[in-house]
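**Student:** Sequence:
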Amino acid sequence: MCARIKQPFEYATTQDFKGKLSEWVGDVLYDILPEKGYEERDEQIFTAFQIADAFCDKKVHLAEAGLGTGKTFAYLLSAIPYARMTGKPVIIACATSALQEQLASSTGDIETLSKLLDLEVDARMAKDAKQYICDVRVEENTDDFGDQTEEVNQWLLQTKLGERSEIPNISDRVWKKISWNEFVSCDTCLNRGYCKLMAARKHYREAVDLIIVDHATFFRDLWTREERIADGKLPILPNYSAVIFDEGHKILLPASLEAGHKINKEEMDEMIRTLEEIQDARPSLVRSTVQAQRASMAFFRQLKSSLVASESSKRLAVNVTKELLEAAAAYRGSLDQLLMEFQIEQELYMDTLTPTQIQAFEGQIERATIALTRFCRNQNDMIPWIDKKDASFWVVPRNIGEMLDKHLYKKDIPVIFTSATLSNNGNFDYFARTIGLKDLSKSTIGSAFNMEEQAKVILTGQHVRESYEKKVDELAALLKENDGHGLVLTNSTKEVKRIRKCLAGYELPFEMLWEDRGDRGYLVEKFREDESSVLIGSDFWEGIDVPGKALTLVVIWQLPFPEIDPLIEVQRKEVKAQGLDPVTQVDYPEMGLKLKQGCGRLIRTKTDHGSIVIMDDVKGKPWEEAVMDALPEGVKIEER
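Each residue of the sequence shown is one higher than the last, beginning at 284 in this note's numbering.
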């Protein structure tokens, strides 16, 4: 455990802390950092003081800070002293594990600031439990790794942490056999307290200053915290003094997923197949297994016919019908029967199933039953959908905002949301409504970059709307004129394929990288390395950082209006029930925030230059104001 070597500054009382924190933040940003080669940035200074006030007054604060602001240093300057003043660490929740690693690495902002200020900052990562092996499952499956058996077994002999990142080439199939299983309770495990996951948790629970988590892990702790404590269990995260959501605009989905329940048909089918292979199983277990399989097929068949089609959404809304509810009730009943039969005389199955498998199957059936029960119980309290990625059926609470208010906002601790995209031209109403915020403080500051000199926006919508062929011709001309170096953003992979088909007759002197033709990370890396290439896709509106010559042109092929997505549909219905227009209150703000993210791909450093071309109708349209508000502040706008 890292000892507290020193306080960043001296203060007499907690009341005195606020004034001393402001003085120290000012000293660091006006004097210490500039003396060590860092430029003085008004945007960073403004954001840092706003966050400092929010910490001291225990506010829920939305801190919107544009590109190049240096928002990480801005919030760290309050987080570290506050953790030491309260004696409890501050949680920093990141949108992805990659951002976790980036923040907490030996070259990341925390370590950099630590050295600059001569502070020994104790920051530790709390990773998703699914990233660690389960020692018991390893023992049970040690000979079942296929052509990766030798490689995996060699790694298992050497690893101390058991993290998947240590063996990146391991297949999903093999990892699934040896990783932590959410359906298996650790409380009855013989290795409890001695496994690698528990060692990892023990390590981060002792953090003095900062715990770096991903959004999903934070919400898994938040939603289960009270129940675990009531059951005499430790919560996933230790007690903390404040929460910072980095990329805070992304919290709604992980918050919903961690509060919800799902049924993965493939996993359920695999379980049924395994149960069918039990030797000398009792006839009643065989009958209940067959019945559960039939009910599953009937439910998912009915579910498939009840889906609301959407090309761009990753989630398909469900049209709840009487027939679907009846199929769900029948499926639930069959699972209740299966669970009862499975739990009778389990020792009969020990030759076929391991103890861990038995426990996992029980947990799997119980979770599926909960999902079906909640789906059937009250349609007004939940949102059902199908995940396109794995066809799993999800049921999540409709009132995530109310849950956040109860479990987080009312804790009387500072809660900071940071991002470059929290508002529409300084209006935070849409984002605040989606996360259930009513009483909040807010601050917004634009990019630290000189957008007037570094970028321009070209509107071509009216010029190319005559025909699709004309629009494709204009795209080819733009790419040729720019010698490639372009990112083309669409709303669906279907549109990507359509563009590829139409561009087939053009001889373009650079490589075209298509979203549906490779892994996302691989494509971005190739785009970054081959500076003249062009990347086309619907999944690159945010989260990619390509500075320099590789990206000097961003083409907005279509304005990113939301399609039929279950989470968006709930918001539309709620504002409509309030007598408001869902188009202006939901669709335009949602489109504006995503457009803002897309435009943000262009300028990543002070030496970047380029153009943003919007190839969709803007001028004279009802959404013109929303589009203009989403464009980088100060950027020059041309019509072509």
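The hints are simulated quantities; they were obtained by calculation from the structure and are not laboratory data. Don't take every hint at face value.
[Stated by the list, open to error] As a list, the in silico DSS-like pairs of lysine-lysine whose alpha-carbon atoms are at most 25 Å apart:
hint, residue 1, residue 2
1, 545, 460
2, 739, 689
3, 319, 289
4, 548, 739
5, 780, 672
6, 859, 889
7, 809, 889
8, 919, 859
9, 319, 533
10, 587, 460
11, 671, 753
12, 485, 548
13, 459, 371
14, 672, 597
15, 516, 754
16, 516, 671
17, 516, 533
18, 693, 341
19, 545, 485
20, 832, 671
21, 341, 319
22, 303, 341
23, 301, 693
24, 721, 753
25, 739, 413
26, 485, 533
27, 832, 859
28, 721, 342
29, 443, 485
30, 460, 784
31, 548, 516
32, 721, 605
[What the hints assert, rightly or not] Computed spacing ranges between beta-carbons, pair by pair:
hint, residue 1, residue 2, range
33, 812, 455, 49 to 55 Å
34, 783, 567, 19 to 25 Å
35, 710, 828, 44 to 50 Å
36, 863, 587, 29 to 35 Å
37, 846, 710, 20 to 26 Å
38, 710, 448, 20 to 26 Å
39, 456, 907, 22 to 28 Å
40, 605, 431, 46 to 52 Å
Just so you know, even glycine gets a beta-carbon here, dropped at the ideal spot from N, CA and C.
**Student:** Decide, hint by hint, whether the structure agrees.
**Tutor:** Against the structure, the hints come out as follows:
no.: 1; hint: 545 with 460; result: holds, 20 Å
no.: 2; hint: 739 with 689; result: violated, 45 Å
no.: 3; hint: 319 with 289; result: holds, 21 Å
no.: 4; hint: 548 with 739; result: violated, 49 Å
no.: 5; hint: 780 with 672; result: holds, 19 Å
no.: 6; hint: 859 with 889; result: violated, 43 Å
no.: 7; hint: 809 with 889; result: holds, 23 Å
no.: 8; hint: 919 with 859; result: violated, 36 Å
no.: 9; hint: 319 with 533; result: violated, 34 Å
no.: 10; hint: 587 with 460; result: violated, 29 Å
no.: 11; hint: 671 with 753; result: violated, 33 Å
no.: 12; hint: 485 with 548; result: violated, 35 Å
no.: 13; hint: 459 with 371; result: violated, 35 Å
no.: 14; hint: 672 with 597; result: holds, 7 Å
no.: 15; hint: 516 with 754; result: violated, 60 Å
no.: 16; hint: 516 with 671; result: violated, 35 Å
no.: 17; hint: 516 with 533; result: violated, 29 Å
no.: 18; hint: 693 with 341; result: holds, 10 Å
no.: 19; hint: 545 with 485; result: violated, 29 Å
no.: 20; hint: 832 with 671; result: violated, 35 Å
no.: 21; hint: 341 with 319; result: violated, 32 Å
no.: 22; hint: 303 with 341; result: holds, 16 Å
no.: 23; hint: 301 with 693; result: holds, 21 Å
no.: 24; hint: 721 with 753; result: violated, 47 Å
no.: 25; hint: 739 with 413; result: violated, 44 Å
no.: 26; hint: 485 with 533; result: violated, 28 Å
no.: 27; hint: 832 with 859; result: violated, 46 Å
no.: 28; hint: 721 with 342; result: holds, 12 Å
no.: 29; hint: 443 with 485; result: holds, 14 Å
no.: 30; hint: 460 with 784; result: violated, 41 Å
no.: 31; hint: 548 with 516; result: violated, 31 Å
no.: 32; hint: 721 with 605; result: violated, 37 Å
no.: 33; hint: 812 with 455: 49 to 55 Å; result: violated, 26 Å
no.: 34; hint: 783 with 567: 19 to 25 Å; result: violated, 56 Å
no.: 35; hint: 710 with 828: 44 to 50 Å; result: violated, 27 Å
no.: 36; hint: 863 with 587: 29 to 35 Å; result: holds, 34 Å
no.: 37; hint: 846 with 710: 20 to 26 Å; result: holds, 23 Å
no.: 38; hint: 710 with 448: 20 to 26 Å; result: violated, 40 Å
no.: 39; hint: 456 with 907: 22 to 28 Å; result: violated, 50 Å
no.: 40; hint: 605 with 431: 46 to 52 Å; result: holds, 48 Å
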